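Asker: With the sequences and hints as input, model every part of the structure.
Number of protein chains: 2
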Amino acid sequence: MANAIRALSMDAVQRANSGHPGMPMGMADVATVLYSRFLKFDPLRPDWADRDRFVLSAGHGSMLIYSLLHLTGYPDMTMDQIKNFRQLDSITAGHPEFGHAPGIETTTGPLGQGIATAVGMALGERMMNARYGDEIVDHYTYAIAGDGCLMEGISHEAISMAGHLKLNKLIVLFDDNGITIDGSTDMSVSDNQIKRFEACGWDAVAIDGHDPEAIAAAIETARNSDKPSLIACKTVIGFGAPTKAGTSKTHGAPLGDDEIAGTREKIGWPHAPFEIPENVLKAWRSAGERGAEFSAAWDAELAKLPADKRKLFEDQMAGKLPDGWKETFQAYKTKLSEEAPKLATRQSSQKALEELTALIPQMIGGSADLTGSNNTKSGVQGPVSVDNYGGSYIYYGVREHGMAAAMNGLALHGGFIPYGGTFLVFTDYCRPSIRLSALMKQRVIYVMTHDSIGLGEDGPTHQPVEHLASLRAIPNLNVFRPADAVEAAECWELALESEKTPSVIALTRQGLPAQRKDISVNYSGYGAYILNPSVLDRQVTLLASGSEVEIAIAGQKLLEEMGIGTAVVSMPCWELFKQQPQHYRDEVLSPGTLTVAVEAALPFGWHEWIGSQGAFVGMTDFGASAPIDQLYKKFKITPEAIVDAVKARL
Amino acid sequence: MANAIRALSMDAVQRANSGHPGMPMGMADVATVLYSRFLKFDPLRPDWADRDRFVLSAGHGSMLIYSLLHLTGYPDMTMDQIKNFRQLDSITAGHPEFGHAPGIETTTGPLGQGIATAVGMALGERMMNARYGDEIVDHYTYAIAGDGCLMEGISHEAISMAGHLKLNKLIVLFDDNGITIDGSTDMSVSDNQIKRFEACGWDAVAIDGHDPEAIAAAIETARNSDKPSLIACKTVIGFGAPTKAGTSKTHGAPLGDDEIAGTREKIGWPHAPFEIPENVLKAWRSAGERGAEFSAAWDAELAKLPADKRKLFEDQMAGKLPDGWKETFQAYKTKLSEEAPKLATRQSSQKALEELTALIPQMIGGSADLTGSNNTKSGVQGPVSVDNYGGSYIYYGVREHGMAAAMNGLALHGGFIPYGGTFLVFTDYCRPSIRLSALMKQRVIYVMTHDSIGLGEDGPTHQPVEHLASLRAIPNLNVFRPADAVEAAECWELALESEKTPSVIALTRQGLPAQRKDISVNYSGYGAYILNPSVLDRQVTLLASGSEVEIAIAGQKLLEEMGIGTAVVSMPCWELFKQQPQHYRDEVLSPGTLTVAVEAALPFGWHEWIGSQGAFVGMTDFGASAPIDQLYKKFKITPEAIVDAVKARL
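Residue numbers (my numbering), protein chains in the order written: chain A, 1 to 650; chain B, 651 to 1300.
Any given hint might turn out to be false.
[What the hints assert, rightly or not] Not the full set, but computed from the structure, chain A residues with beta-carbon under 7 Å of chain B:
hint: 1; residue: L88
hint: 2; residue: G109
hint: 3; residue: G148
hint: 4; residue: H156
hint: 5; residue: H164
hint: 6; residue: M187
hint: 7; residue: R399
hint: 8; residue: H401
hint: 9; residue: E457
hint: 10; residue: E499
hint: 11; residue: F604
hint: 12; residue: A626
I should point out that these hints are in silico values taken from the structure, not numbers from a laboratory.
Quick caveat: nothing in here was measured; it's all calculated off a predicted structure.
We put the CB at the ideal spot given by N, CA and C, even for glycine.
Answerer: Dropping the structure here:
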């Protein structure tokens, strides 16, 4: 059975003339034991909620998972797809892509992401278990990780978090083949992985990764542990290749016809490429067919749940929001409109969260050790801990990257809408995972406070100047920057309703006055809108976001007093604005008027809106350490600077 | 002496009404022992080459280092500066900023960066030692790290690398106070740090961080170890504060007048704010005065070196390039111009490196486990290893972030010009360190290959689409994207000469034809230039970079055949182009002509050049997995698409 994986992998890579045969050939025995004897899955119901999750963290070995899905009988994974490995429009992409084929639980390839996402999935399992009981939620999360995954820094954050939270149903199978692209791991790493994992609260054991009984025994032990488990599987990369096995030559290139012929001989696989003998296929298919029984038994358990609880479970797994939440939330916005509070938008966000987390219990909050600064915890949320997986707030520790990947895992697992906070500048630390949120179209919400020089004294290391731009550059990511409490509430609403698009909500440290009265429409949903029209004939359009809307309004006043008709456009989300029809965009931007953008950030990207003739009032370089008022003056982000920019051009 | 640190720290934070008193108060005893009994430094010659390096990885505790610099007698660190903590234009920024004051060896604040940068410094010491001997180079690198630093993923990469390379003169003092911002570390982490460091090849010991003799003994032992050493110092955060000590309340806010008064009483410090009694100051100053002897002894050793070796040492430490390198390199460019090779720019880069590393031995290469793909290793470079610190190529392992931080450390240490490679998409993994290269104005060169969908089958996880934009958004970072072998050589030249600006050189996987004949001038130094002027009257300007220059040239041909005069501008570096005078930029861009940009990336940022009327031919979303030719067609980045874009607008 393992040789079927080896043959498919080397043949598909050869046919594509591109890919990574070494890892699937080396881990074929481990994967065979896992899929045929342990993994709880049903190829005909790949989305069945209580399936075990399998994550191929070493995503370059994608032929391993494609082989497994084909052999065990996932209908979409036909032999034609295998033959079209790495070809345009196939579902068998170079690295496993979530959404391409059922059975791929997460996109992997960027190393370390899989194992960190698996931590989120395993946590999601424990948290759903706490809510619905052992009969409904009781599954394992398995991940295959390579040397590369374990060298990446994110692996530390993931391992440390899993150990702390005692995620005992997480089992990592380490492909300990001693080889990376550059050659032997001796060249670059001397870690004792067993000791390392034990230091973080894991069970860890080393086994022969080509001995099925040893593999099975280790998995069995791991399943019964009260800690997460590492199984270091000593393997030979490219197992079976007569001259290249055990070398980096098998890692990322086709073996070549001669080596493949030699492998066929060596492993005793006389069959033609893409031909699986009937007895082998039958054995594999029966491994897949085990699943029908599991899933049927689970159906019976689900049916026993009271109807309302069952509906709740199904709705949560389907990502549906509770009925009526918007109406209640609208009442909150009405209150805001009446009270017009002066608040930092991070506080406005917290107020919104107080309402929302009470209405939408599947929201799971957290922060990378900045709870009080990010204002991410609401009163109804208890902390998630070993003693209370029923909690709904996660103290992620100083682990921005691990947090982001875990949020991807929580979202992919289903049942939860994760949000998590850090400072906007530290999106840099979690960018690879934010990118995956976007690529995988997951509803993950990043609450990023201290969003400009407005944070003051902490200085340039903590002041984002390029981060709005660098996040706006990511496809399928909504970057929100609300200007007041109403917009903050609206942005939260939009983020929660964006089922296929993650969101960054950038929030201020400093207080901001209320700007919006009219809450009849979620104007933030247009991305940009005329917040304050000109009184005189419009000659100038000021575009601003977040904390600079206040400055734009003050600039507008000065300009109007000078007889220059000026409108202020609040622009909380470029991405949504781009989706509006041309006539709406023209109405807002009024082409022909002088456009001046105001944002306490670098101008990068703004020329799309201000054109060749417009101006920008904002930053030109890194920030500085000083009290906020001095910084805005030093960097000339003031109403007077707006007037100067206009006068220089009108 | 330690209480002087405590008093200055709590008083400066109180006066600024902003800052972090807890850490300096907790680590005051450790820092006092280190600075008064071990650290080799000379306040009057802060740049003396063989000084010990001290890194405050827990940068929020900046008042610790400011106190130390003041107390030991660094002339710039006056009491007025201490009083102006966190104020505009003071050298006492919220977090320690490299370049603000002598004695600050690196900018810290983003957690984990300091410890990873210290690894680069400690490696630099060993490498310079291998080149110049024990008499000239023999110093320790000390870093103070907190819980946050050790939770960050980058700490794993750094620790693992240091253990592998047995950097035995690296000593990390861990402020083991059990507190982070969110509260007790019990809430988020359960790592056994001693075991963890041991697993990575370190010596590790736990001590009482308030016991001077224990501290001294541990440092003494660490200095004699053949491994890097962790000293976990059990401390009380905010030591001395009567009600807040040991709690997160002391971490990031002023203590308040009452608590400060109580602290004065508790620690027996009756002196007024910013008043240091004479005997205490004298003790501190004499700790600083130790340095003159050390540095004088070292001067004597340096004087013994043969004149040429001494000059080499001094030039390398000063960052000077060897005489005559440019002339020899010019001959190489002449050859390129004659041979007009068709090469991937990653190969062109390697060819340039073969020349440059032979001419400039202080260039230190490396790759995050993609040596053969990044083409970063030249024939003259031997690997750096425990057995050969004299090597000049570093196998960084799958540690992009650790690599980038180590390169910062190598550059800061002095003596080396580090460059290192990974795939462009994985700049995401090392972005916090790239940002610090830029903020600290360090000559660090990032060699980023596989720079677009042109990498083909590896698919969207490996295809950068937003990365050029997100890097161009960072201030003081030159992002180069050469179009052929000549431009690749020119970009390398520019990167090496940019002493105060780090560089990213983005390179293709796929082959590209030669474009440039004229090598009389480094045209890439203008950032953009007319590569191929129009034959007919210029109506259209095509802007392109890297691999899309070839496509622009083909588009130009089609347009000229249609009677539309078209010029092609190659644009290898936006940042340098922005520095050109207006008349040059106008000459290149020819305002009034239709401008079309062509780049296999998202358009984000390009509107600055194409204006409101121009067009963009490039990506609109994430990439896909398929052979390269199919991808360029699928995403319509072709000569025909250029023609269509022009026709739609002319």
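Asker: Holds or violated: is there a CB of chain B closer than 7 Å to the CB of E457(A)?
Answerer: holds, 4 Å
Asker: Once the shortest beta carbon distance from H401(A) to chain B is found, is it less than 7 Å?
Answerer: holds, 5 Å
Asker: Would you check whether H164(A) satisfies its interface hint, that is, whether its CB is within less than 7 Å of any CB in chain B?
Answerer: holds, 4 Å
Asker: Under the criterion of a CB-CB separation shorter than 7 Å, is H156(A) in contact with chain B as hinted?
Answerer: OK, holds: H156(A) within 7 Å of chain B, min 3 Å.
Asker: Min Cβ distance, G148(A) to chain B: is it shorter than 7 Å?
Answerer: It holds, given that the least Cβ distance between G148(A) and chain B is near 4 Å, below 7 Å.
Asker: Using the nearest Cβ pair, does F604(A) come within less than 7 Å of chain B?
Answerer: holds, 4 Å
Asker: Does R399(A) pass the interface hint, meaning its C-beta sits closer than 7 Å to a C-beta of chain B?
Answerer: holds, 5 Å
Asker: Identify whether the interface hint at M187(A) stands, where standing means a beta carbon of chain B within less than 7 Å of its own.
Answerer: Since chain B brings a Cβ to about 5 Å from M187(A), closer than 7 Å, the hint holds.
Asker: Hint E499(A) vs chain B: min CB-CB distance below 7 Å?
Answerer: violated, 18 Å
Asker: Hint G109(A) vs chain B: min CB-CB distance below 7 Å?
Answerer: holds, 4 Å
Asker: Can the hint on L88(A) be confirmed by a CB-to-CB distance to chain B that is less than 7 Å?
Answerer: holds, 4 Å
Asker: Classify the hint on A626(A) as holds or violated, based on whether any CB of chain B lies nearer than 7 Å to its CB.
Answerer: holds, 4 Å
Against the hints set out earlier in the document, a violation occurs for number 10 only.
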